[in-house]
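Trainee: I would like the entire structure built from these sequences, with the hints used as guidance.
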Amino acid sequence: SQLDDSLNQKVDAWFLDGFAPAKNPDMWTQNLFNAMARLARPGGTLATFTSAGFVRRGLQDAGFTMQKRKGFGRKREMLCGVMEQTLPLPCSAPWFNRTGSSKREAAIIGGGIASALLSLALLRRGWQVTLYCADEAPALGASGNRQGALYPLLSKHDEALNRFFSNAFTFARRFYDQLPV
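Counted from 1, the sequence shown has number 29 at position 36 by the working numbering; the numbering is strictly sequential.
For the record, the hints were derived by calculation from the structure and aren't laboratory data. All values reported here derive from a predicted model rather than from experimental measurement. Just to be clear, a hint being listed does not mean it is correct.
[Said to hold, decoys possible] Each pair of labels, with its calculated beta carbon distance range:
no.	residue 1	residue 2	range
1	Val4	Lys63	18 to 26 Å
2	His150	Glu70	33 to 41 Å
3	Val75	Ser95	43 to 51 Å
4	Val75	Pro173	50 to 58 Å
5	Val75	Gln121	45 to 53 Å
6	Ala6	Gln121	43 to 51 Å
7	Val75	Leu110	29 to 37 Å
8	Lys16	Ala165	46 to 54 Å
9	Leu146	Arg167	12 to 20 Å
10	Pro173	Ala135	17 to 25 Å
[As the list claims (entries may be wrong)] In silico BS3-like cross-links for lysine-lysine, where the CA-CA straight-line distance does not exceed 27 Å:
no.	residue 1	residue 2
11	Lys61	Lys3
12	Lys68	Lys96
13	Lys16	Lys68
14	Lys3	Lys149
15	Lys63	Lys16
Backbone N, C-alpha and C define an ideal beta-carbon position, used for all residues, glycine too.
Mentor: Shown next as structure tokens:
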């Protein structure tokens, strides 16, 4: 009846098989339909054995183009749909007009791993970087721990988060191995 908000993969096809809406009303909610629309690829399809009007209208309200078709087996009718396009995004134009600058300068505050890696990334892209650190030298705080460890944060409850941390760990490991230190 609900999809995890952290999911962001795009879905090619949905098949809803949660029994008749009258027997399982918790499954057939507008929140579920909206989440399906958010995750559907443009051109993504859906099908369900039910032909209930409120299900069709809910899926249409979420952004799917719906139609009734001849049912399967003993079902007289079923619903099929397509996500014709993604839902429109709000206007992202800024409310102010900034003049462009040809200077590529950045000021970074902090003396830890994150600020060092951000500085390195910007320097490699041709930026002029000024690093401000409250300590006498960088890496004197927690980032200066000589026995620090890099490890993925895994959870048995969140598959999407596990994939993120696993990929981030692999990327970081390769990145750190290439540093000339």
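Trainee: Indicate, hint by hint, whether the structure satisfies it.
Mentor: For each hint, the structure was consulted:
Judged by the Cβ atoms, the range 18 to 26 Å given for valine 4 and lysine 63 holds: they are separated by roughly 25 Å. In this structure, histidine 150 and glutamate 70 meet the distance hint of 33 to 41 Å, their C-beta atoms being roughly 39 Å apart. One distance hint, 43 to 51 Å for the beta-carbon pair valine 75 and serine 95, holds here, with the actual separation near 46 Å. Checked against the given bound of 50 to 58 Å, the beta carbons of valine 75 and proline 173, roughly 52 Å apart, stay inside it.
For valine 75 paired with glutamine 121, a C-beta distance near 50 Å keeps the hint of 45 to 53 Å intact. In this structure the hint that alanine 6 and glutamine 121 lie 43 to 51 Å apart at CB holds, the actual value being about 50 Å. Look at valine 75 against leucine 110: about 43 Å separates their beta carbons, and that is not inside 29 to 37 Å. Checked against the given bound of 46 to 54 Å, the beta carbons of lysine 16 and alanine 165, roughly 48 Å apart, stay inside it.
The hinted range of 12 to 20 Å is satisfied by leucine 146 and arginine 167, whose Cβ atoms lie roughly 18 Å apart. With their beta carbons about 24 Å apart, proline 173 and alanine 135 fall inside the hinted range of 17 to 25 Å. Between lysine 61 and lysine 3 the alpha-carbon distance is near 25 Å, which keeps this suggested pair within the 27 Å criterion. For the hint linking lysine 68 to lysine 96, the alpha-carbon distance of about 67 Å lies beyond 27 Å, and the restraint is violated.
A C-alpha spacing of about 16 Å is found between lysine 16 and lysine 68, which places the hinted pair at or below 27 Å, so the restraint holds. Only pairs whose Cα atoms come within 27 Å are accepted, and lysine 3 paired with lysine 149 is accepted, the gap being roughly 22 Å. A C-alpha spacing of about 22 Å is found between lysine 63 and lysine 16, which places the hinted pair at or below 27 Å, so the restraint holds.
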